[in-house]
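Those sequence lines, one after another, are chains A and B. The number in the numbering used here is simply the position in the first sequence, starting from 1, with 169 added. The number in the numbering used here is simply the position in the second sequence, starting from 1, with 114 added.
If you're looking for bench data, these hints aren't it; they were derived computationally from the structure. The reader is advised that the hints may include incorrect statements.
Pairwise CB distance ranges, derived in the manner of DEER restraints [to be verified]:
{"id": "1", "chain 1": "B", "residue 1": "Ser-260", "chain 2": "A", "residue 2": "Gly-903", "range": "56 to 62 Å"}
{"id": "2", "chain 1": "A", "residue 1": "Pro-836", "chain 2": "B", "residue 2": "Leu-368", "range": "28 to 34 Å"}
{"id": "3", "chain 1": "B", "residue 1": "Ala-193", "chain 2": "A", "residue 2": "Leu-359", "range": "24 to 30 Å"}
{"id": "4", "chain 1": "A", "residue 1": "Leu-186", "chain 2": "B", "residue 2": "Thr-325", "range": "56 to 62 Å"}
{"id": "5", "chain 1": "A", "residue 1": "Ala-225", "chain 2": "B", "residue 2": "Asp-373", "range": "40 to 46 Å"}
{"id": "6", "chain 1": "A", "residue 1": "Pro-228", "chain 2": "B", "residue 2": "Ala-193", "range": "38 to 44 Å"}
{"id": "7", "chain 1": "A", "residue 1": "Ser-924", "chain 2": "B", "residue 2": "Gly-139", "range": "51 to 57 Å"}
Glycine residues also receive a C-beta, built at the ideal position from the N, C-alpha and C atoms.
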Amino acid sequence: MTVIGKPLPRIEDPPLLTGQGRFLADLQVPGMLHMRVVRAPVALGRLGEIDTVDAAAMPGVVAVWTAADIATLPPVDFRMTRIAGLEAYRQPLLARDFVRYVGEPVALVFADGAHAAEDAAEAVFCDIDEMAPRLDPADGPGAFPTTDEPLSGEPATVTKAYGDLDAAFAGAHAVIEVEARVGRHSGVPLETRGALAVPGEGETLVLHGAAKVPHYNRDAIARMLGRDPATIQLSEGHVGGGFGIRGELYPEDVLVCAAALRLGRPVKWVEDRREHLMAANHARDQRYRLRAAVDGDGFLRGLEAEFITDQGAYIRTHGGTVTDLSAAMLPGPYLIPAYRATGHIRLTNKTPAGTYRAPGRFESTFARERLMDAIARRLGHDPLAVRRRNLIPAASMPHDRGIDALGTPLVYDSGDYADLLDRAEAHFDLGGLRAEAAARRAAGEAVGVGVALFVEKSGLGPRDVVHLRVLDDGTVEAVTGVASIGQGVETVLAQIAAEELDLPITGIRVVHGQTARIGYGMGAFASRVTVMAGTAMQIAARTLRDRALAVAAEMLQSPPEALCLGGGTVIRPDSGATVSLAQIAAHAGDGLFSEGVFDADHMNYPYGVHIARVRVDRATCGVTVERYAVAYDVGRAVNPMLVEGQIVGAAAQGIGGALMEEFVYSPDGQPLAASLADYLMPSAAEMPAVEVLIREDAPSPQNPLGVKGAGEGGLTAAGAAIAAAIDDALARPGLVRALPVSPDRLHRWLQADRSRGDVPMRRCAPKTI
Amino acid sequence: MKCAAFDYHRPADTAEMLARLAEHGPEARVLAGGQSLVPAMNFRLLRPAVLLDANALPGLDRVQADGDRLRIGALVRHAAFHLPVADGPLGRLLARTVPYIAHYPIRQRGTFGGSLAHADPAAEWCLIAVLLDAEVEMHSQRGVRSVPADGFFRASFTTDAAPDELLTEVRLPLLGNDWHVGFYEFARRAGDYALAMAGAALQIGRDGRITAARLALGSVAGRPLRLTTLEAGLRGELPGPDLLREVAAGAGALVEVSDDIHASAAYRRDLCGVVLERALRQALQSLPQDAAA
Numbered sequence: 170m171t172v173i174g175k176p177l178p179r180i181e182d183p184p185l186l187t188g189q190g191r192f193l194a195d196l197q198v199p200g201m202l203h204m205r206v207v208r209a210p211v212a213l214g215r216l217g218e219i220d221t222v223d224a225a226a227m228p229g230v231v232a233v234w235t236a237a238d239i240a241t242l243p244p245v246d247f248r249m250t251r252i253a254g255l256e257a258y259r260q261p262l263l264a265r266d267f268v269r270y271v272g273e274p275v276a277l278v279f280a281d282g283a284h285a286a287e288d289a290a291e292a293v294f295c296d297i298d299e300m301a302p303r304l305d306p307a308d309g310p311g312a313f314p315t316t317d318e319p320l321s322g323e324p325a326t327v328t329k330a331y332g333d334l335d336a337a338f339a340g341a342h343a344v345i346e347v348e349a350r351v352g353r354h355s356g357v358p359l360e361t362r363g364a365l366a367v368p369g370e371g372e373t374l375v376l377h378g379a380a381k382v383p384h385y386n387r388d389a390i391a392r393m394l395g396r397d398p399a400t401i402q403l404s405e406g407h408v409g410g411g412f413g414i415r416g417e418l419y420p421e422d423v424l425v426c427a428a429a430l431r432l433g434r435p436v437k438w439v440e441d442r443r444e445h446l447m448a449a450n451h452a453r454d455q456r457y458r459l460r461a462a463v464d465g466d467g468f469l470r471g472l473e474a475e476f477i478t479d480q481g482a483y484i485r486t487h488g489g490t491v492t493d494l495s496a497a498m499l500p501g502p503y504l505i506p507a508y509r510a511t512g513h514i515r516l517t518n519k520t521p522a523g524t525y526r527a528p529g530r531f532e533s534t535f536a537r538e539r540l541m542d543a544i545a546r547r548l549g550h551d552p553l554a555v556r557r558r559n560l561i562p563a564a565s566m567p568h569d570r571g572i573d574a575l576g577t578p579l580v581y582d583s584g585d586y587a588d589l590l591d592r593a594e595a596h597f598d599l600g601g602l603r604a605e606a607a608a609r610r611a612a613g614e615a616v617g618v619g620v621a622l623f624v625e626k627s628g629l630g631p632r633d634v635v636h637l638r639v640l641d642d643g644t645v646e647a648v649t650g651v652a653s654i655g656q657g658v659e660t661v662l663a664q665i666a667a668e669e670l671d672l673p674i675t676g677i678r679v680v681h682g683q684t685a686r687i688g689y690g691m692g693a694f695a696s697r698v699t700v701m702a703g704t705a706m707q708i709a710a711r712t713l714r715d716r717a718l719a720v721a722a723e724m725l726q727s728p729p730e731a732l733c734l735g736g737g738t739v740i741r742p743d744s745g746a747t748v749s750l751a752q753i754a755a756h757a758g759d760g761l762f763s764e765g766v767f768d769a770d771h772m773n774y775p776y777g778v779h780i781a782r783v784r785v786d787r788a789t790c791g792v793t794v795e796r797y798a799v800a801y802d803v804g805r806a807v808n809p810m811l812v813e814g815q816i817v818g819a820a821a822q823g824i825g826g827a828l829m830e831e832f833v834y835s836p837d838g839q840p841l842a843a844s845l846a847d848y849l850m851p852s853a854a855e856m857p858a859v860e861v862l863i864r865e866d867a868p869s870p871q872n873p874l875g876v877k878g879a880g881e882g883g884l885t886a887a888g889a890a891i892a893a894a895i896d897d898a899l900a901r902p903g904l905v906r907a908l909p910v911s912p913d914r915l916h917r918w919l920q921a922d923r924s925r926g927d928v929p930m931r932r933c934a935p936k937t938i
Numbered sequence: 115m116k117c118a119a120f121d122y123h124r125p126a127d128t129a130e131m132l133a134r135l136a137e138h139g140p141e142a143r144v145l146a147g148g149q150s151l152v153p154a155m156n157f158r159l160l161r162p163a164v165l166l167d168a169n170a171l172p173g174l175d176r177v178q179a180d181g182d183r184l185r186i187g188a189l190v191r192h193a194a195f196h197l198p199v200a201d202g203p204l205g206r207l208l209a210r211t212v213p214y215i216a217h218y219p220i221r222q223r224g225t226f227g228g229s230l231a232h233a234d235p236a237a238e239w240c241l242i243a244v245l246l247d248a249e250v251e252m253h254s255q256r257g258v259r260s261v262p263a264d265g266f267f268r269a270s271f272t273t274d275a276a277p278d279e280l281l282t283e284v285r286l287p288l289l290g291n292d293w294h295v296g297f298y299e300f301a302r303r304a305g306d307y308a309l310a311m312a313g314a315a316l317q318i319g320r321d322g323r324i325t326a327a328r329l330a331l332g333s334v335a336g337r338p339l340r341l342t343t344l345e346a347g348l349r350g351e352l353p354g355p356d357l358l359r360e361v362a363a364g365a366g367a368l369v370e371v372s373d374d375i376h377a378s379a380a381y382r383r384d385l386c387g388v389v390l391e392r393a394l395r396q397a398l399q400s401l402p403q404d405a406a407a
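Can you build the whole structure from these sequences, using the hints too?
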């Protein structure tokens, strides 16, 4: 039976398509209180007295808390990439002594209704002695004010290096420098965050609204509240998108738990969109300076990179993750014999930043691919030819970079980069695209094509576990500790089980995100679910099959190897006798059960190519993406339809980051893109039909399925490809140095060029290349 | 994002509405389509103590020609203009403009009169009203009055309407077939507030020369702006691409433009000329080919 590789419809869709979805805001519990967060109105200031008297006296208000009410609770700790020295920069649950960004929680109102809570929140008055905020991390390390001596505003730098860089530059034919900047933007799930904590018998607590990493968050909340993790249960309902930012542990999650326990009533908090855009993790916002030493053939001998991550006001759960990944993944698919990257983590008075789909790769790919275009320009080579020359050859796989990423050795496990580039070029008729764009330019349009290459990473370990059990009705229930943020986990895992058990995928029920059902789980991030839980599922399903055949052998009085399992029954072919899985489970006494555990100490590395064709309106400076294509080698596509969906959705976010999405701040640190009228995400009207080429030429040797993660690669090279396409459209190589390319920004660049007199005026006949 | 508490009334006729308005005055807001008012209430940018729902008022949902005017009832929904509501250039101009108003579901609810009363500087109907010298009719217990659009819009979100007045009708001139009309706007995404928009109406004489011109810019300042200097410069001229380009290029310099996170003043000033030229070009498209010089 071949189930793996089929584009089967999603088994999780019926409730979502029939209005039966149960998202956090849908949950109602008798006696429930609503929590409203009072947030800092200024970017930096000394926090004085907080007057809660009026608010506490308002109708329906049960309690009003400030930091003084939760003085014993520690700040939210790091989940990943803990770097020494970062601890002092963790975010307190409620601001104490200082407020450090607009939107920082300073007080909480608990009331009988959401309206009453919001009314009372307006009556909380904070005495704040405003200070000048720090908004530009390029100013220098800066300072992080405390009640004591200020701390440095640069708590850590991350350095990754290999090879002899000095020798590379000493012997260089040319040294090429580029600067590249990626704006501040983030994932904006359709469903905002939310949490509902329900106290139970004997000091137990259930927290609904979990996503992404329920088990980790259960343990972290228990640690912070000083409780046994066994008394806390996290439960994931339907989740309307994650993208890296949803499901991390935020102050609000801990606060609803603390409140439910102390007030003895269920406490619900649902984030509104305005809060979301200033409270949930921001991301990106890096600026790079790259220096490359190249030889006369355009071969990269060495690369030196320095970059700044604008971390925002605090360091949240991700620690140094984004900076670490940026430095590790910057070299991408190219050989680069000598390399050094230094990443500065710097604090500013903005919403704290974390990981957003393709963290560190969207940014570093933009910088690196801008560099490759600059090298091609300087040496007079074709941009694709320069890239081809530098690609790591298939014969060098696995390729050990000699550095690490997220604490694991960075070893590209498999890949034939040149082959994928050839295939993408042919499949999407890149030559034809470029010729067509050139012809349209000659006729006066500003149309261009950009190509960018990338390497992704996926399948972060260390472990995942799947429990399989045959239920009374013969359904196979799979319980796993991964989470579903909407990406199709149930279908993919069911397909892997179905393959082994020869069942329809509808005969398998996948339970995820429930800490009460399984003790261990790493969750859904880093494109890890299919790799880790998928492999654990395969192991569990094989064990279950062997177990079923062994029990059936007893029942049918036949050696197990003579029996066939299929369609939920075991058949003895010579006699035609059958027993169903349900009968086998009943016969087995303790039920039919298996466990699959998969461990991995290395990530794996999918790779791909993005191609964009854009049209620039020279007069309005508006950019239209006319075509978008992604070629991606994911090792093995368990469900190609879902892989395609991941790529298309990610490409939309990439196009958003390249052209539209940006958290803009006023000079005094007020967020100016705090609604969806000003924070612009692409809509259907702005999206071309994304063309997808899924390849399975380089299965991962690190898991028996050969799978690599597919969740992020649709995004990774979008900024780079669109930037190159805009350069090409305007015949202005190197024009795009920053994202997003808003019309205003493009207008400014073109004006600057015009004032230097080196670009044709709008009315002149356009140049062609 | 929960609105502050308010009292809600749904008057059954205009007399009751006017009585309520007289009673509550500045504390009250009239609810028409609610597509701007309700979000502003949820953001708590507006917190009327009393919400007076106009949707049950009879007779305000009609569009009708009356002599040389088109009378548009205040409750006529945007979507009503997708198909021309009148033969000739006016119906065409309204139909060309309406697709730019937000998104389809919003156009099903939002109203013509509500848009004018709200006076968002980026509202397409406000631009059209100024372009065509609309008359805005308002009722109160004190009586009825009509104000020309130019006097109606005072500043961003500010009109000449008194707190006890109800906007009931807008009257636009039914342009003759010698008028040629165009509308263009540039927004970052479909349905977004425009960064700049322009309307153009040119009356062309038998000799092919422009006998009258109306030009207006929207979304560039606190209220829509007529470009009377440029209009005067067009009169008596033969319309052609070069003339239009030259005229449009001067638009930005005439306007004190606003800036925001999506458009700096310098960029917006350039956009003024771009959108005006495109609106003018569209207007000329309905000219017989040999008439365009």
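Now the hints, each set against the structure:
Roughly 58 Å separates the CB atoms of B:Ser-260 and A:Gly-903, a value that falls within the hinted 56 to 62 Å. A hinted range of 28 to 34 Å holds for the C-beta pair A:Pro-836 and B:Leu-368, which are about 29 Å apart. Between B:Ala-193 and A:Leu-359 the beta carbons are some 26 Å apart, a value that agrees with the proposed interval 24 to 30 Å. The supplied range of 56 to 62 Å is met by A:Leu-186 and B:Thr-325, whose beta-carbon atoms lie about 59 Å from each other.
In this structure the supplied range 40 to 46 Å holds for A:Ala-225 paired with B:Asp-373, their Cβ-Cβ distance being about 42 Å. Taking the beta carbon of each, A:Pro-228 and B:Ala-193 are about 41 Å apart, inside 38 to 44 Å as hinted. Checked against the hint of 51 to 57 Å, the C-beta distance between A:Ser-924 and B:Gly-139 comes to roughly 54 Å, which is consistent with it.
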